[in-house]
Every structure is written in structure tokens, then in C-alpha cells.
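Engineer: Each chain is listed here by its residues.
Number of protein chains: 6
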Amino acid sequence: MNRTVIAEMTWKQAQERMKEARAVILPLGSLEQHGYHMSVNTDNIVGEYMGRVLAERTDSVVLPVVPYGQVWSAKDFPATISLRERTFIEVVKDIVTSLENKGVRNVILFSSHWGNTAPVKIAARELLDEKGYRNVYYLSYMDLKRLGEGIMETELWNGSGFHAGEIETSIVLHIKPESVDMEKAVCEYPKAPGDVDIRPIPWITFCESGIFGDATKATAEKGKKFLENWIDTLVGLIETNIC
Amino acid sequence: MNRTVIAEMTWKQAQERMKEARAVILPLGSLEQHGYHMSVNTDNIVGEYMGRVLAERTDSVVLPVVPYGQVWSAKDFPATISLRERTFIEVVKDIVTSLENKGVRNVILFSSHWGNTAPVKIAARELLDEKGYRNVYYLSYMDLKRLGEGIMETELWNGSGFHAGEIETSIVLHIKPESVDMEKAVCEYPKAPGDVDIRPIPWITFCESGIFGDATKATAEKGKKFLENWIDTLVGLIETNIC
Amino acid sequence: MNRTVIAEMTWKQAQERMKEARAVILPLGSLEQHGYHMSVNTDNIVGEYMGRVLAERTDSVVLPVVPYGQVWSAKDFPATISLRERTFIEVVKDIVTSLENKGVRNVILFSSHWGNTAPVKIAARELLDEKGYRNVYYLSYMDLKRLGEGIMETELWNGSGFHAGEIETSIVLHIKPESVDMEKAVCEYPKAPGDVDIRPIPWITFCESGIFGDATKATAEKGKKFLENWIDTLVGLIETNIC
Amino acid sequence: MNRTVIAEMTWKQAQERMKEARAVILPLGSLEQHGYHMSVNTDNIVGEYMGRVLAERTDSVVLPVVPYGQVWSAKDFPATISLRERTFIEVVKDIVTSLENKGVRNVILFSSHWGNTAPVKIAARELLDEKGYRNVYYLSYMDLKRLGEGIMETELWNGSGFHAGEIETSIVLHIKPESVDMEKAVCEYPKAPGDVDIRPIPWITFCESGIFGDATKATAEKGKKFLENWIDTLVGLIETNIC
Amino acid sequence: MNRTVIAEMTWKQAQERMKEARAVILPLGSLEQHGYHMSVNTDNIVGEYMGRVLAERTDSVVLPVVPYGQVWSAKDFPATISLRERTFIEVVKDIVTSLENKGVRNVILFSSHWGNTAPVKIAARELLDEKGYRNVYYLSYMDLKRLGEGIMETELWNGSGFHAGEIETSIVLHIKPESVDMEKAVCEYPKAPGDVDIRPIPWITFCESGIFGDATKATAEKGKKFLENWIDTLVGLIETNIC
Amino acid sequence: MNRTVIAEMTWKQAQERMKEARAVILPLGSLEQHGYHMSVNTDNIVGEYMGRVLAERTDSVVLPVVPYGQVWSAKDFPATISLRERTFIEVVKDIVTSLENKGVRNVILFSSHWGNTAPVKIAARELLDEKGYRNVYYLSYMDLKRLGEGIMETELWNGSGFHAGEIETSIVLHIKPESVDMEKAVCEYPKAPGDVDIRPIPWITFCESGIFGDATKATAEKGKKFLENWIDTLVGLIETNIC
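Protein chains in written order, with our numbering: chain A, 889 to 1131; chain B, 889 to 1131; chain C, 889 to 1131; chain D, 889 to 1131; chain E, 889 to 1131; chain F, 889 to 1131.
Some hints here could point you the wrong way.
Note: identical chains are not told apart, hence a pair may lie in one copy or across any two.
[To be verified] Cross-link-like lysine to aspartate or glutamate pairs, in silico, EDC-like; alpha carbons within 16 Å at most:
#, residue 1, residue 2
1, Lys907, Asp964
2, Lys1009, Asp1083
3, Lys1072, Glu896
4, Lys900, Glu1096
5, Lys990, Asp964
6, Lys1112, Glu1041
7, Lys900, Asp1069
Source of the hints: derived by calculation from the structure; they are not laboratory data.
Based on the sequences and whatever the hints tell you, model everything.
Structural biologist: Right, here's the structure in full:
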């Protein structure tokens, strides 16, 4: 019996494992453009990988990735699907409620897509306020700069943007290289309009490739190192705080 | 370039394919108990398989499965997740709206989980009434009895129930045998309370294994034949009506 | 004192009767086209009649018919009113909640209009999930074919459609003949488009009279017999399961 | 062909009449306690009567009464059903929308139950704001004191309350005497708590019979005269303003 | 320490005062046109003043005015902001809920804007039904005619309208004269269309100045007297009923 | 005529000014604990001040502050009011919609309370998606560290927290010293639980004074300098991007 992946268990096996496991991890991805060189499934690939690794490392179990997320900024790109804020929050709340009714110890909402992090937090607050659930946690990229220090060579876009750039490309080169075509990788630091931080502006109006950064500098090796840092950080957070 | 599976495309590739493709297929599955012998991921396995095959056969493309559905009846079983009716409807509407904004020709909502079929129909009606979308279709098991005629040996439960029984088990034995453990397969025709059709009654109160039928009679061969019938029927419906 | 019809009682009389009665029956009808020969009030006529008879036969009481229902398919015909799915569900939930707060024993939601049956079921599920009401039942036409066996001469449309045809017309000829004009009765088996089962298609686009079947074959005698079968079946269900 | 009551028409007949009629009248009643001497159906009886008479007098047509209304104040009495404010508003909006889509000239919302008047006004405002409907009117008791001047002998409760008292009882004695039992009529001017106008207080906490006034003084003759005034007033309003 | 105005307290000071105070008063105003001669802030000026005075007189405390209200009728005038009915209700409910969670004795919702009174009542009812709060009160202008008897010289518009006329102008002349410019005061008794009471009609279509009455007759002295009556009446209501 | 503050204008004056003004500024504050030494009105004081100054500096006009905000983290402190996320979003959307209907050039949503910034952004996105408004901007503290560089002496809490500490206290010492009592100012760098960033944790569970930082180091002079930086930055953003 697989001790980690709920999708590979029968309900009897899952019943046993979910009760004893430290946490049930729900990866939250998205179908979103990731430049000319990576598949639109990138966030789901990362979510599935991270969910599985975190589960293995912390004696937890992992649910299937929610493959559609809140993707407002990129929503006008082809093959990019966005759930409205409220829809996404209700999805998260319904899934957690289904779990809580059956006595799991903790629930970890892991966002591999950045746009999910704000609504996930609202969902966790509402679950606390409305139902009293105190065992719902949210994790995501946390402190990107620190995680990539000494590994990544290129700047973040505008100090924080990284979509489909060196970091994400390196990660996928390590965990699923066949879904990256480095020949199509480009470097784009989109010149954003001056009001980009004070008005809702869809990316498609000022970004050509969909990349925010330099994907050409990505390597599987960098991805491997970044992942080690990232996983260690998250495992540390989980082991210290969630039991 | 993969010409069928959007998750394996970049946005540029998807853009081209989605415009020329007959339809974009959205498989709608669920995480739901499927007896002692099959994984809770069964509906997603079937949804992914069927979505891909239908896309290949009808010059369409397929999106990632929505892996959480409306699972009211089985929702009290472990590892079974249910979205509320309204949440599920909004998910479907948001995904379709994201597609329609970008000029796809048709959208096919394919439910591999029975509980999704009623809310999917409501979603399609609301998309027509509220947004005028006339190109949204829904497909599912259609006429099970006819599809299984001459292939399946055992009765449907109460004349129509088939959950995790001969049909579904045979299908999965054919398309993903490693997620079935036939040694644990049982036959259960649950004795339902007399008011099962006139009151909402969760399955868990009267069904032990989660099966409605005889899973022990399943074979990969039966699954293969059933699938041929099913796929031919759906392909026929699509080719005749959707262009 | 009338012992059956709440609308004919004072609140004092109703108070006494509702507590001792087996159930409170709420008929759910609609204002909907019923061909050239029957009034748009047909479902309400049947709902009122059936509600009263079932109440008499099972020591229950009956509320006034809700005369507007979910009528999506026929909604574009003149004098046909449709409540949206969610509106109709909330109406049913509010009425049941008003009753439950006052200690009735059971509530029976009786749909004389087919389009009400799906939302009624959702309402009952939500009342159970949200408020814990376990005494809410739903009844409707149940198994039409069996009920009409040996009585009705003509085929159902597409194997299941019967709107304003032989069955309904016969029923109304028996219970309220003045609201049928048999001289205007016609036979129409509308030729539906091939995608009628896989897409939301309003009836008005393919049905001329509004009838699905052969109304010309209707007789009061057939209606009487059908009603006997139907009522006996429902009374049996109620007596066996609801107390 | 009946030229007034839609419930007695086929859709073909209604189609013709609704287009030429001045207005479609929708009576809005309620199932609500009306003292020891009148049926809980009183508001629906009045609504149906008034709807029919107003239609006859103004070349309009009338729909079936909505028999469940917003009845917050009396909602704790037995056999009294209350829809929540929002539910009731949505019902009215859905019905009007169904009508507007088919080219009626005007819609008149006639409340025979006082509690409906506030939400009806909100519904009309929202239909104007959201859909641009400018032909939706609302009528009700209007100026009770003036209408009853020289006819009614007893005081209104607290200057405006009249529930189940002299006025309503007289009306029903005229239009449907069999649903009044004058032997049970009482006079009750409930002593309300001092904060009755500054806090939501259910009637049941301070009113014994459910009556606010003196029902014993009611006569059919008074009802007839009051109705003449009321109808003339409303007909005048309609003829002057709605065409 | 200020013993009345919460906005001038720290949380520690407020904590102590809110527990011992008779009530927490929440003034509900609006930003709404008030003729050529008064600022659009008029309702907020009155709300703030009255809230403070009532708090002082009844050993209560007062919150900041909610400066945006339900202003449907005047919403098309410049600088007039209207919250939708449901939005306004939710604001009131959220604020009251935040207070109730911390053990205040009573909450008084004081509307200085007439359009707020209906939704405030609904909010109070819902807070009672949904949360069981029995200590939520609503106050407003109460009986204008009686309050102004012997003080005001001019007629109310249509028997009840007073917007920006003699009464309101006099009040503001007394409490904040610098926000009135009597040179611009006019007398307007708008000639309303005949259907003004039976259809939603925005004021802007039939009222030029925004005034309903005669502002030119206003004096600070009249305002002072009216306020004395009004405050005494409200203080009486509070002292008698709220403790 | 005041050319900046709408609350001090009549509707005629506002009409003229709103059309020619660069933008209408809506300050969004909150009633929230601000330590032992500052009033709970702090965010509203800052909002009103900043709104007025920004309006003066950019030829804009300013609306009254919305004095209740989304205050989840601090909501359990006395005299702290929190609107739910969705309520706050609807308030913002309704106010903006009321403005847009009357032809203003731009709308600036200025949050003086940090918790408002996330829902304000959602509101702006929904206004763009649902109504097509492209002229809605949001401003707030922007880059605190840069603004306070060389002015503030103490560390931000956890690298970013500043609630009621050196910065806010200095600001209020400058603009409204009477609402600060420096004798009660304390220094508190609350020791947060390890899971403070991965779970919704109300401040009250780990912060005693309500302060995150060192309020004792605040001076009016620092406030003046910080405000100069802040205002210059915002004015620059407005002049460059909004016209």
C-alpha cells in the first residue's frame, strides 16, 4: 500500500492513513501560461511534486492537485483558466469541510500558484470564523529571495516577479524536463506601465512571452538546489508547528 | 507537438490548436470511494482516459480533469470529497467563461462521475441564459444498459445503480489495471431502506463496501468492449451534432 | 372543521391538526403551457387534487400549491413562468423551515411538475445538511410507464416525455374536465434536434403545440384508472415509510 | 374564452390576451394566521378576488396568487409560513422577468398582504436598475383610513394596525363568507411592549388571538362598501397612470 | 477621558466604557444631495450630532457615523452615493456582530437618513433570527409631524416628505450653520408624476433643486426647538425600554 | 466654495468640481485598536488627512472616509470593528459605481488601513471585469521602508509590521497630537507563534498592547518628514499616471 498518495488508495486504506498521518496536503495549482517554453500545466506539475515530497518527508498524505486556480493577471492568455476569487475560496472551503468531518489531524493548503495565496488565506480565516477549524495551514513559495540565494543568477522582475523565469524553469527542468523546451526559452523583463501597482492591469497588455525574468539561465541543477532549500524550509515549518 | 492534451502544450501551441479544434473537452471527475478494490481516484482515471480518447477521435483537445465533484450520496465515506451543488456549478461556469472569451469553437463537459451530471446541466443552462453561450455540450455515461448489453453479466442495482460494480471495475481493469485489486473485489447489492427514492439518504447508512453490484465478475476484456461501445456512441454524437 | 386542507382552517384548527397529522404535504406546481387544449394551470390543478387526496388517504394535511416552478424547458412559451433553480430551492427551504420550527411530524414535497423534481431533491439535501431535518420527503410521478401500463395506448415521447399528452390530458379530463378542450387536442411527437440530450435546448425551438405525445387519445376513464394506480402507489410509499 | 384569468386560458389564448391587455396583474398573498375566526388563507382569498376584479375593470389579465409571502411579524404562529426577504424578492423578480421577456405592456404587483409591500418595492427598484424595466407597478391597501372613512366603526390598532380586525373580516364576509366564523370573532387590541416600534418583536409574544382590532364589528355590508372604495381608488390609479 | 465618543478613546478606555454604558449607538447617515443650500454631508452632520447628544443623555457611547447609506430615490443626483439594499444590510450586520462578540449591553442603530430605516429593520430582524441578538434597537425621525407641531410653519410634501426643507434646514442652522447658505435656499414642492407612489421613480426626474418643501422658512431657533422635542422623545424611549 | 472636500459642498458645487477634478479620492479607514496611547480612530484620522492633502496637491476632490474596514487580525480587540471581506468589497464597488454613473474622470481608493488593501484590489478587478471601469486606482502605504529611511529609528516587526508603532504614532503626533497620549506609549515587539505566517491567528492571542513596534520613539518631527516623503511619492504617482 502506498502510504502517501491518497489517489492511489482505496477508501479503506485512506481511512487508516488519514487518521494517523500528520496532515492531509491539498496542492492548489492552476492552468496558466508559462512562456513559450513551458507547458500551461507547470503549476500543477510543481504542486503535485511538492505535495508528494512534503507528504513523504513529514509523514503526511497528499490529495490530487486542484488544477484550476485564481489567475486574474494572466487570464487573458490562451489556455489560461481563471476561477473567480469567490469560486476558488468556496472550492477550498468545501474540500476542507469534507475532510474535517472525518477527523483528519491537520490540513495543509499548498499553493504552487502565486495567485492562489491570497484567497487561500481568506478561506482559512472563514473556516476558522464560521466553523472553528484551527488546524488549517497554508504554505507556498514563502521567501523566494532567500531560497534562491547563491543559486539563481538573474534578478527578480520589479524586485519580486518570477513567473516562468529562471526559478520556475529550473524547477521543472529538474522534476519534469520533458515539459520544458529550452530552445524556446527567452528572457523578458516586461516594461510595465507606470500604474501597474495601482490599477488592475492584465499582463497580456504589456508582456509578450508571458515570462517575467530570464528563462534562458535556467538549469536542472539550479532547480535541484532550489528545491532542496524550499523543501527543507517547508519541512522545518511543518515539523515545528504542525502535529 | 502533442495535438490533443492541452496540459502538454505551451500557450502558443494551445492557442493554435484550440482555435482549429472541433471542441475543448473538460472532464469532470471526483475523489470518491469505489469499494474495497479500487482507488478513490477511479472517476478521475476514467475521466482522463475518456477525455483523451474522445479528443483524439474527434479532432478535439482536452483539459485537465476537475478532480473534485458533487458527491452527495457518498460524501460520508473516508477520502471522499464533495463540493456543494452551487460551488461545483460556479467552477464549471468560470472555466467555460475563461474559454469562451478566447474564441474556442465548442466546449464539451464530460462527466465521468454520475453526481456531476445534474449540476453540469444547470451550469450549461445558466451559461446560455446569462451569457448566450450556445456551444456548450454535456456528455456522460448516457444509456448504460444498452452500452453493456451482451457484455455485462450482472444486474444493475435497483435497475440503474452501478457504482464500483462490474462495469466500472471492468473499465479500470482495461485502462489502468494497477489501480484495481481484484482480490478485494466483492459483490454487494445493498439492501436500501424503503424510502431511499423519496428522501436524501447517505449511502454509508446502508452500504458496507461502497459497491452497488458485483465487482467480482469484472474483466479487462469486458471493459475493453464496453469502452468501444461507449466511445463509438459518444464519437457518433459529437460528429453528428458538434462542429 | 375540515381535517385536511390547511387553507380552510384557522390557525388554531391548523395547530391541532398539524401536530397529529402524519405529514404536511406541500404541492409544487407551475404555470406552464400545456398544449392548445389545456390551461396553463394544469400542473397546479393536478397538484391541488393530488395533495388533497393523498392527505385524505394518509391522515395528513395539505398546504396551498406553490403555483410557480422551475420550468426551464418551456419557459419561452407565452404564459409560462419559470423561477430560477436557486430561487425555487430557497422557496422550498423557507417553507419547510417555517413548518419545522413548529413541530410537524413530516413534510412531503409533492411535485406535480416534472421540472421541480431535481431542485426539490437538492432542497431536501440542503435542509438535511444545514439544519438536520430528517423528515422531509419528495414524491412525484415516480414510474410513469408502470403506472400507465394497460391503460395508456400511446408511446411516451423519446421513451420518457409525456408533457400534455395522453396521460396528463386524461388526468385532467377526470378531475377538472372544464379546463380541457378536446376539440383542440392534437397529436405531436416533436422531432427533436439530434443534440437535444446533450445541450440545453428550449422546447419552443422544435415543438409547435407544446405537446409531447398524443392528446387526442385521452379519456376521463383512462385518467381515473391512472390516478387510482398513482394514488395507491404513493399511499403505499407513504404508509410504509413515513410515520 | 375567459378574457381575464390566465389560469383558465391555454397558452395560445393567453398569448393573444397578454399582448393586448393593459397589464398583467400578479397578486401577492400569504399563508398567515388571521385570528380565531378566519382561515389562514385570508390574504390569498383577498388577493385572488382583487386581482380578478381589477383585471376586469381595467382590461387587464390576472395571474395565480403567489400564496406565500414575507410574514416576519406573524411567523411564529402555527400554519403561518414566511419567506425570507431576499427569497420573496427573487420570486417576484423571476416572475416579472419571465413576463417581460414576452412583451407584456405592464406588470402590476398587487399585495393583499401588508408584509409584502416593502420587499415588492425593492424588487421593482432592482428590476429597473438591473434590467431597465420601467413598466412594473405596485399596489396594495394604499390609504386605509380614507378608504374606511364613514364605513368602519372601530379604531386602527396603534393608529395603523388592522390585521384580522373589522376591515379584513368585513371584506371576507362579503367575498367568501364561508371562510369566516363570526362566533369565534373577538376584539383584541394587544398591549404592545413599549419597544415594539424600535426593536423586532414577533407578534406571538404579545398578541393572543392574532387579531389587531375588533373583528366582532365586521359585517358583509361594510366589506362591500370598503371594497367599492378600494377598487374605485385602484382602478382610478391604474386608468390614469398605466397604459 | 472622553466618556462618550468611542473615536476619541483608546481600546482600553473603550473596553471599560462599552461594558458599563447603557448602549453603543451607531449613527447611520448618507452622502446625499440636500438642495442648493446645504452640503451633501447633511445627514452625517445630523447623525454625528444626534449620536453624541443621545449618548450623553443616556449614559451611552457613540461610534463613528456610517457616512454612506441606502439612497435609492436621490441616487442620480451628483455627489450622491447609494449602497444597494443588501450591501447596506450586511454592513450593519457586520458592525453589530463585531460589537456583540465583545459583550456590549445594547446596540442602537440611529438613522439620520430616512432611506436607511427600512433596511436597518431588516438587519435587526436577521440578527435576531440568525444570531439570536435581542438587544438591537433602531431609532430615527419617528413621528415628524408631532415633533414639529407648533414649530414648523410649512406643509410636508405630499403629507410626509421633508427632504432638505424647513425641518432639516432648521436643524443644521442650529448645529452647524456654516454648512448652510440661506441665500441659496429655495421653496420647491415638486409636482410628482401621478404614479410616484406605485412605481420606482428617481427624484431627479421631477425635482429640480432636490428640496421637498420650503427651505426659506428655516431658522436656527426652529431647529433648536425641534431638536429639543426630538431628543426628549428619543431619550424617553431609550430610558424606558433599553437597559 | 471649498474646492476639495465634497462633504463641504452642495450637490451643485460638487457636480461642477467632480467633472473637472483629476480624480475623486475615497479614503478607506477602519475603527481599530492602536495601542494604549492612540485612539481607535487612528486610521480614519490618517485617511481623512491624507485624502485632503492628496486632493489639494493633485487638483482632485475627496469623499468622506469609509470608517469601517476589513480588520480581521485585530478584530477581537475591544472597540475594533471588522467588515467581512465580501461586505467591504461590495461597499467599495457600490460607491465607485455611484460615482462612475455620473462621469467622474478617475477614482482613487486610498487605504489608510493595511487590511483594506487586499479587498480593495479585488474590488477594482471586479469593477473592471464586470463593468469595464478602467479608471479606478488604489493607493496605500506603498513602500514603508523606503519612505521611513533616515527618519525612523526602530525596526519594523518581523521585517514588515508597523501597527501603532513608531511610524503611525509619529504621523498622528504631527497631524492630530491630541489623539495621542505619549505617556501611555510602550514598546512591544510581540513574540508571535511560529505558525503566524502559515495559519490565521488573531493578534489578541499573542500581543498585549496591540502595538507592533516601538511607539515610544515617535515624534511629531518624524511624522512630518515621513508624511512629506509619503505625500510626494503618492503625488508623483498620481501626476504621472492618472489624468
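Engineer: Check Lys1009 against Asp1083 for me: Cα-Cα at most 16 Å, and say if that holds within a copy, between copies, both or neither.
Structural biologist: between (26 Å within a copy, 13 Å between copies)
Engineer: At most 16 Å between C-alpha atoms: does Lys1072 with Glu896 qualify within a copy, between copies, both, or neither?
Structural biologist: between (35 Å within a copy, 15 Å between copies)
Engineer: With identical chains treated as interchangeable, where does the CA-CA distance between Lys900 and Asp1069 reach 16 Å or less: within a copy, between copies, both, or neither?
Structural biologist: Answer is between; shortest inter-copy Cα gap is 13 Å, intra-copy 41 Å.
Engineer: When no copy is named, should Lys907 and Asp964 be tagged within, between, both, or neither for a Cα gap of at most 16 Å?
Structural biologist: Answer is between: at 15 Å across copies they meet the 16 Å cutoff, but 42 Å inside does not.
Engineer: Between Lys900 and Glu1096, at a C-alpha cutoff of 16 Å, which is it: within one copy, between copies, both, or neither?
Structural biologist: For Lys900 and Glu1096, only the inter-copy Cα distance (11 Å) is at most 16 Å; the intra-copy one is 50 Å.
Engineer: Quick one: Lys1112 to Glu1041, C-alpha cut-off 16 Å, is that within a copy, between copies, both, or neither?
Structural biologist: within (15 Å within a copy, 40 Å between copies)
Engineer: Measure nothing new, just compare the shortest in-copy and cross-copy C-alpha distances for Lys990 and Asp964 to 16 Å and report within, between, both or neither.
Structural biologist: between (39 Å within a copy, 8 Å between copies)
No hint from the list above goes unmet by this structure.
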